[in-house]
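S.K.: What follows is each chain in one-letter form.
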Amino acid sequence: MATTAAMQLNSDLMTGVLSASASTTMMKAGTTADGLDQMRMGYNKVPTGTSFDLLNATAAGVDKATKVYICNESTDETYYVTIVIDAKTIGRLYGGDWMFIPWNQDDVTHDLEITATGGTNNITWICFHEGETLTTQDASLGASD
Amino acid sequence: MAISAGITLTSAAGDLTSNTLALSSTSSLTKAGLATPLTNTSGLARKTTSYASSGVIDTTVLFRADDYTNNGANKVYLKNISATATEYFTVYLTGDRGGETHTYASSLIEIGRLYAGDWMFMPWNATAGTKEAFTATFANTWAAGDTFTFDGVTVIAGGSGLNENAAAVDATQFPNWTTSVASAVVTFTSRTSRADLEIDSTEAVVVTAGDGTAAIATTVEGTKSASDIYIKPSVHTDMTMEHVLFYE
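Here the protein sequences line up with chains A and B, keeping their order.
Residue numbering for the first sequence follows our numbering, beginning at 1 and increasing consecutively.
Residue numbering for the second sequence follows our numbering, beginning at 146 and increasing consecutively.
Among the hints, erroneous ones may be present.
[Said to hold, decoys possible] Derived list of chain B stretches under chain A, where covered just means 3 residues or more per stretch with a C-beta under 8 Å from a C-beta of chain A:
#1 164–171
#2 175–189
#3 218–230
#4 305–311
[To be verified] Distance windows between CB atoms, simulated:
#5 B:Ser-198 x A:Thr-31: 48 to 58 Å
#6 B:Thr-364 x A:Gln-8: 19 to 29 Å
#7 A:Gly-16 x B:Thr-282: 18 to 28 Å
#8 B:Glu-366 x A:Thr-135: 40 to 50 Å
#9 A:Thr-124 x B:Ser-163: 26 to 36 Å
#10 B:Glu-366 x A:Gly-131: 39 to 49 Å
#11 A:Ser-140 x B:Thr-184: 53 to 63 Å
#12 B:Thr-347 x A:Thr-124: 20 to 30 Å
If you're looking for bench data, these hints aren't it; they were derived computationally from the structure.
Think of the CB as a built atom: it goes at the ideal place given N, C-alpha and C, for glycine as much as any other residue.
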């Protein structure tokens, strides 16, 4: 299994061309043969003002090679979402911006949170990961509950 | 001028799922809340880390928040160019999780690990701390040849005028401080946000033939930067991080 993430940066900011490209095959931590084999993804409309947990840290994600992609699909450039990990602000994704980062869920407080500003922001996100412990069904509830 | 950043995520049918996954997005990097492009860049650069042994591996500050605009639309690109699968850089922001026994994991906030060939592209808030500031107030009797020494720099008085000598200190460049002057009072401001500074007359030394003084008084207590970007290699042998910062 292999999922690739490729990026291309181009700029005419300087007198010479500034260009960078990179492509990585998303592997499990420390391996070259075993790709990340699970993912979660979503598309959310995030109302302004309230902080939300976009991704909750789990013990299975400690010291792994998890990757997170987030894109702010908003078309208004004044809209943005603030990205926070463990109460630390990483930065702002304005309308049209995207990010792709490793995410080490090094303890249970290491949730990845977002807060929208300007209006309802539309967010696409994908988390590529390995190892996930699914929550056991609550036995007190019936199967159809 | 324009800067574009594109990403393509692909997974062939039968790899991650039975269907093809293909997603791409391109962003024009613009200033916060505007359609105008970012105008500054660090340029594409590399940083190689190397330590004498695994026991002395430490973090390196790649970008200091002090140097960039807070709450802008800054973007950072990092790539671990190692070809050895087990070698990784851990990427951190300044942090401090109170109440914990400090380790790397708690005195900094970890973003994640970049394994060999991995890259990341993220927004960066660049929240600086507060820069320490103090005043030196020139008073009493000064004479030509008296000295004021601070931060490794000695200023020699040209005459007896208090305002004149304060102005001479202000005109001097100090490695770690900027200055401003009002009459006989020079205000020093640290070039970087730090919480560990406390300047007194043992650091700012006056030598005068008479009773000239330059009383030191702290006016702003400094605090540490809130979001410097740190990297830490997993091995002590050479590892190289490629990086670009686009900023306001």
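S.K.: For the segment 218–230 of chain B, do at least 3 residues have a Cβ located nearer than 8 Å to some Cβ of chain A?
M.R.: Coverage by chain A holds here, the residue count being 6 at a Cβ distance below 8 Å.
S.K.: Do the Cβ positions of A:Gly-16 and B:Thr-282 conform to the proposed distance bound of 18 to 28 Å?
M.R.: Because 50 Å falls outside the window, the suggested range is violated.
S.K.: Counting residues of the segment 305–311 of chain B that have a beta-carbon nearer than 8 Å to any beta-carbon of chain A, does the count reach 3?
M.R.: violated (count 0)
S.K.: Is the hinted range of 39 to 49 Å satisfied by the C-beta distance from B:Glu-366 to A:Gly-131?
M.R.: At roughly 45 Å between Cβ atoms, A:Gly-131 and B:Glu-366 fall inside 39 to 49 Å, so the hint holds.
S.K.: Quick one: are B:Glu-366 and A:Thr-135 within 40 to 50 Å, going by C-beta?
M.R.: Holds, at about 47 Å.
S.K.: CB of A:Thr-124 to CB of B:Ser-163, is that within 26 to 36 Å?
M.R.: Given about 21 Å between the Cβ atoms, the range is violated.
S.K.: Does the segment 164–171 of chain B contain three or more residues whose Cβ lies closer than 8 Å to a Cβ of chain A?
M.R.: Coverage by chain A holds for the segment 164–171 of chain B (3 residues, Cβ < 8 Å).
S.K.: Please check whether A:Ser-140 and B:Thr-184 have a Cβ separation lying inside 53 to 63 Å.
M.R.: 60 Å, holds
S.K.: Could you see if the CB distance from B:Thr-347 to A:Thr-124 stays within 20 to 30 Å?
M.R.: 58 Å, violated
S.K.: Falls inside 19 to 29 Å, the C-beta gap from B:Thr-364 to A:Gln-8?
M.R.: 49 Å, violated
S.K.: Taking the CB of B:Ser-198 and the CB of A:Thr-31, does the distance hold inside 48 to 58 Å?
M.R.: 26 Å, violated
S.K.: For the segment 175–189 of chain B, do three or more residues have a beta carbon lying closer than 8 Å to a beta carbon of chain A?
M.R.: Answer holds; 12 residues pass the 8 Å Cβ test.
Checked against the numbered hints given earlier, this structure breaks hints 4, 5, 6, 7, 9 and 12; the rest are met.
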